[in-house]
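S.K.: Chain by chain, the residues:
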Amino acid sequence: MLLIRCPYCEAERPEVEFTYAGEAHIARPADPSALSDDEWRDFLFIRTNPRGRHFERWRHMHGCGRFFNAVRDTVTDKFAMTYKAGEPRPSDEEIALAGSATSVGEARP
Amino acid sequence: MLLANHPLPGKTIPGDTASRLSIRAAEDTARFSLRIDPAAVQAAGTAFGTPLPTRIGGMTATGGRSALQLGPDEWMLTAPVAESDGIADAFAALQEPHSLVDVGHREVGILVEGEAAALALRSAIAFDVEAMAVGSGCRTLFDKAQIVLVREDENRFRIVVWRSFADHVWGLLQAVSREIALGI
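The listed protein sequences correspond, in order, to chains A and B.
Numbering (my numbering) for the first sequence: 28 to 136.
Numbering (my numbering) for the second sequence: -3 to 180.
It is possible that some hints are incorrect.
[What the hints assert, rightly or not] Result set (DSSO-like, lysine-lysine): computed pairs, CA atoms no more than 30 Å apart in a straight line:
#, chain 1, residue 1, chain 2, residue 2
1, A, Lys111, B, Lys140
2, B, Lys7, B, Lys140
3, A, Lys105, B, Lys140
Derived by calculation from the structure, the hints in this document are not laboratory data.
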């Protein structure tokens, strides 16, 4: 069971309480009608799908109900950190600092 | 409470001895779901008659009324059934924008008491129930059913669950109490 830290509850909670909600930091176009078909397609469907560090949205569905953002490694499934929705993408230093300070998201048997 | 559809009135699971584990349907209470801007929490506390907690999982109680914070802007308020109308009226006079919904009929309470209470709950709850602070509560999953779990005392927990899920939760508790009674 993965433990995920909810930045609103400020507690580590089991993975079953959460739902995944896709890639984070995808801003809706300010003027959608001005977009070409290709740009609209990119906004709707094209994702980075990285191997490694991924910024993604999660929702604490069976808890406080809030959406928040997480930094997870898609290879090891390790959560480096989580932060509130609306906060800017954390820098490499912040992620390293958060990862060394706690072992949040460590996979447990 | 509409008793015709109440799945568990007066039911108990005795366990082996009452001190070790006893599970029973809790008496009826009034319950409200309150959504309000956290900045206005003080005004809401004045209307409710009990200051509201300001930390998720925190709980306050005075004179039979209690408030549990479930989310950044969400509280569960409980009170004796007879005070239900008074609370609705008090919030109707509140000038802050808010939503107060009576959910008393939606949910039923189950009390899990005794030394083995945490052990019984651990069978279907994924987080560390033992580490939960006394006087705190949270929304979580019991098996697949969403519940609100409150630790009222070292050895007393209250489950608040939607009535349609109550049979499922009750059945699981019955099975696990048998295992505990047999020492498995």
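S.K.: Hint by hint, note whether the structure agrees.
M.R.: Hints, one by one, checked against the model:
| no. | hint | in the structure |
| --- | --- | --- |
| 1 | Lys111/A / Lys140/B | holds, 26 Å |
| 2 | Lys7/B / Lys140/B | holds, 22 Å |
| 3 | Lys105/A / Lys140/B | holds, 25 Å |
In this structure, every one of the numbered hints holds.
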